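These protein sequence lines map, in sequence, to chains X and S.
Plus 9 on top of the position in the first sequence (first one is 1) and you've got my numbering.
Plus 16 on top of the position in the second sequence (first one is 1) and you've got my numbering.
Because the hints were derived from the structure by calculation, they are not lab data.
Please read all numbers here as calculations on a predicted model, not as lab measurements.
A hint or two may mislead.
Sample of chain X residues lacking proximity to chain S, with all beta carbon distances greater than 10 Å (derived) [to be verified]:
1) D16
2) R65
3) L127
4) H155
5) R157
6) N158
7) F170
8) K186
9) Y257
10) L260
11) R261
12) A293
13) D296
Here are some, though not all, of the chain S residues that point toward chain X, as calculated from beta-carbon distances under 10 Å [said to hold, decoys possible]:
14) Q219
15) I265
16) H298
17) A301
Label pairs and their in silico Cβ distance ranges [unchecked claim]:
18) X:R261 <-> S:L192: 21 to 27 Å
19) S:A238 <-> X:A153: 38 to 44 Å
20) S:Y244 <-> X:Q196: 46 to 52 Å
21) X:E169 <-> S:K278: 24 to 30 Å
22) X:R21 <-> S:K278: 45 to 51 Å
23) X:A153 <-> S:M174: 51 to 57 Å
24) X:D18 <-> S:N314: 45 to 51 Å
25) X:R205 <-> S:H240: 52 to 58 Å
26) X:E225 <-> S:D104: 50 to 56 Å
Don't be surprised by glycine CBs; every beta carbon is placed ideally from N, CA and C.
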Amino acid sequence: MQETWIDVDGLRTRFLTAGTGGRPVVFVHGGTIGDASAGSSANDFATILKLAGANREAIAVDRIGQGYTDNPLEGDDEGWTMRGSVRHFIAFLEKLGKGPYHLVGHSRGGYVVTRTTLERPDLVESLTIGDSNTVAPGGARNEAIHIRNPHPPGTREAMEFSAKFYYFDPSIKSDGKFETELAILQQPKIKAAIERMGEGGLRARLFLPGLLADREDLFMRLEHQPLARRVLILWAYNDPTAPITMGYELLRLISRHQPRVSMHVVNQSGHSLYRERPAPFFRALNDHLEGCYDGN
Amino acid sequence: MATDVLDMGAARTLDVGGIETRVFDEGEGIPVVLLHGGYPGDPVEIQSAGVWEPVVRELAAHVNVIAIDRLGQGFTGNPSSPADYTVDAIAAHVVETLKKLGKGPCHLVGHDEGAFIAAQIAVDHPDLVRSLVLVTANALTPGSDRRSVVHAHPPRPMQGRHSLRWVLETSCHSRLAVCERWLDEAVAVAATPRHREAVATMQADDRYLRTYVKSWTARRSAIHRVMYEKGLPCPTLVVWGLNDPLAPIANAEYLMELLTPKQRDTELRIYNSAGYYPFREHPSAFSRTVLSFVRDHNGRKDVV
Numbered sequence: 010m011q012e013t014w015i016d017v018d019g020l021r022t023r024f025l026t027a028g029t030g031g032r033p034v035v036f037v038h039g040g041t042i043g044d045a046s047a048g049s050s051a052n053d054f055a056t057i058l059k060l061a062g063a064n065r066e067a068i069a070v071d072r073i074g075q076g077y078t079d080n081p082l083e084g085d086d087e088g089w090t091m092r093g094s095v096r097h098f099i100a101f102l103e104k105l106g107k108g109p110y111h112l113v114g115h116s117r118g119g120y121v122v123t124r125t126t127l128e129r130p131d132l133v134e135s136l137t138i139g140d141s142n143t144v145a146p147g148g149a150r151n152e153a154i155h156i157r158n159p160h161p162p163g164t165r166e167a168m169e170f171s172a173k174f175y176y177f178d179p180s181i182k183s184d185g186k187f188e189t190e191l192a193i194l195q196q197p198k199i200k201a202a203i204e205r206m207g208e209g210g211l212r213a214r215l216f217l218p219g220l221l222a223d224r225e226d227l228f229m230r231l232e233h234q235p236l237a238r239r240v241l242i243l244w245a246y247n248d249p250t251a252p253i254t255m256g257y258e259l260l261r262l263i264s265r266h267q268p269r270v271s272m273h274v275v276n277q278s279g280h281s282l283y284r285e286r287p288a289p290f291f292r293a294l295n296d297h298l299e300g301c302y303d304g305n
Numbered sequence: 017m018a019t020d021v022l023d024m025g026a027a028r029t030l031d032v033g034g035i036e037t038r039v040f041d042e043g044e045g046i047p048v049v050l051l052h053g054g055y056p057g058d059p060v061e062i063q064s065a066g067v068w069e070p071v072v073r074e075l076a077a078h079v080n081v082i083a084i085d086r087l088g089q090g091f092t093g094n095p096s097s098p099a100d101y102t103v104d105a106i107a108a109h110v111v112e113t114l115k116k117l118g119k120g121p122c123h124l125v126g127h128d129e130g131a132f133i134a135a136q137i138a139v140d141h142p143d144l145v146r147s148l149v150l151v152t153a154n155a156l157t158p159g160s161d162r163r164s165v166v167h168a169h170p171p172r173p174m175q176g177r178h179s180l181r182w183v184l185e186t187s188c189h190s191r192l193a194v195c196e197r198w199l200d201e202a203v204a205v206a207a208t209p210r211h212r213e214a215v216a217t218m219q220a221d222d223r224y225l226r227t228y229v230k231s232w233t234a235r236r237s238a239i240h241r242v243m244y245e246k247g248l249p250c251p252t253l254v255v256w257g258l259n260d261p262l263a264p265i266a267n268a269e270y271l272m273e274l275l276t277p278k279q280r281d282t283e284l285r286i287y288n289s290a291g292y293y294p295f296r297e298h299p300s301a302f303s304r305t306v307l308s309f310v311r312d313h314n315g316r317k318d319v320v
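Please build the complete structure, drawing on both the sequences and the hints.
Written out as structure tokens, the structure is:
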């Protein structure tokens, strides 16, 4: 696995790659810029990158203000919203210049790749959406878990508490993965982002209202317009924050105008299917990528 | 007796305990058994191994595909006595056929009633089954299908070409999925004296309800108890068409609720623009899904 940095519209952007050749597949992680409770990043896909890299170039990028990618530039308020995250991702794909790409997005990253497919289908070969209560219609349930967390955000204790709810088998996460996230959260730029988004900050003023409006817009678009590429929806049966019923609803929504959408559900996994059940996750994904050009 | 009008390789006829049995046995490698739906003596629909035609070639390029006309259906003979029009006799016939073919533990892919028989074999003979692919497994799901509404008034004459076309067209998402070759097979089966005898036998003495349905509901309850108490004994993939006019997708969701608590390796695959026969409307995607699933579960007990 290789770590690379490139400049994307003035932001130092970090991505991981494994494998070479073929039509590249790009993985987009979840989480929210300036969220003190999780350090989501390209590292989340370490296991999957190795599997996917066996027969093609597999890429995972740190979204704007997350992982080791820079925070938005001074004066760029939109950079702190999901719209800004999509804009940065599209700019990253263009800068890389290897399109069209197979896009795979998890959770909030599922929104990024879905929006990219709507706005810039020319950059997209296929779309995969995993456990995303940001894209699926209905109510997310993350808050119900976070509100019960008695530990200060960003501590190991808080992460262990969350993992107990987010994972079907919490022991999966205990092996070194907390440390990766804690190291990310220790960076000064992440602390600055948390400060910017935190109490009285951009999260309540800009991020959440913007996301609300953009989701409504997305649902209306999908009611009337196709996602112009084949879609796979991958969902963990026991996801506590993006319940399986939301996945079924998303399938129904996309199915209206995209005949080539299918859904694959895997049992005994919480929110991070690609970490808890990497083998069936990758099997279903690989069938989708390899079958991208199938006729009947 | 055996007809190989289909693009499935040469049909073989086996004598299985005195029952002439049509079998297709193509390709080499991992044994994958295809079990069609339906039941003996259905006066409306015709089901036989030919239903799998669009996927046999793709599967047989990589694995050993075995498609069997089940007892009292297709070009296989009827049960030896009226009392044997039961799911138990049908399942026993599949097991005997595989034994006769010299197959070891297999992956069973069943469609609706064929999925029921597959699950029944897995429960009764766990040593014979490596994994299950349950396609439109409505007969296995609690709750009812919509057949009695959708297929309430078939065009007459029943099981003529026109009527059979109507039955298939109203089962699929797109009528374009219904090709002439599929109908050729159905019409040929419907015309056999064997099938007419099965229809007559099932209708006499209310045998369909008193014998077949009785055996089916009793076994279904027993299988549900197994699912609930210890789970199905092998990895299980459920496959469904989102637009199924006969077996609503809600039944797939219901089946998942039953299967998931006790069988870790349970998965569900739903295809859009697919009705009751997802493998006919998305043959390539279906073949890929089955192939990768059986490869992952061919003897490995430790899949992550």
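Against the structure, the hints come out as follows:
no., hint, result
1, D16, "holds (37 Å)"
2, R65, "holds (16 Å)"
3, L127, "holds (18 Å)"
4, H155, "holds (26 Å)"
5, R157, "holds (25 Å)"
6, N158, "holds (27 Å)"
7, F170, "holds (25 Å)"
8, K186, "holds (15 Å)"
9, Y257, "violated (7 Å)"
10, L260, "violated (6 Å)"
11, R261, "violated (8 Å)"
12, A293, "violated (8 Å)"
13, D296, "violated (4 Å)"
14, Q219, "violated (38 Å)"
15, I265, "holds (8 Å)"
16, H298, "holds (7 Å)"
17, A301, "holds (5 Å)"
18, X:R261 <-> S:L192: 21 to 27 Å, "holds (23 Å)"
19, S:A238 <-> X:A153: 38 to 44 Å, "holds (39 Å)"
20, S:Y244 <-> X:Q196: 46 to 52 Å, "holds (50 Å)"
21, X:E169 <-> S:K278: 24 to 30 Å, "holds (28 Å)"
22, X:R21 <-> S:K278: 45 to 51 Å, "holds (49 Å)"
23, X:A153 <-> S:M174: 51 to 57 Å, "holds (56 Å)"
24, X:D18 <-> S:N314: 45 to 51 Å, "holds (49 Å)"
25, X:R205 <-> S:H240: 52 to 58 Å, "holds (55 Å)"
26, X:E225 <-> S:D104: 50 to 56 Å, "holds (55 Å)"
Going down the numbered hints, you'll see the structure goes against 9, 10, 11, 12, 13 and 14, while the others check out.
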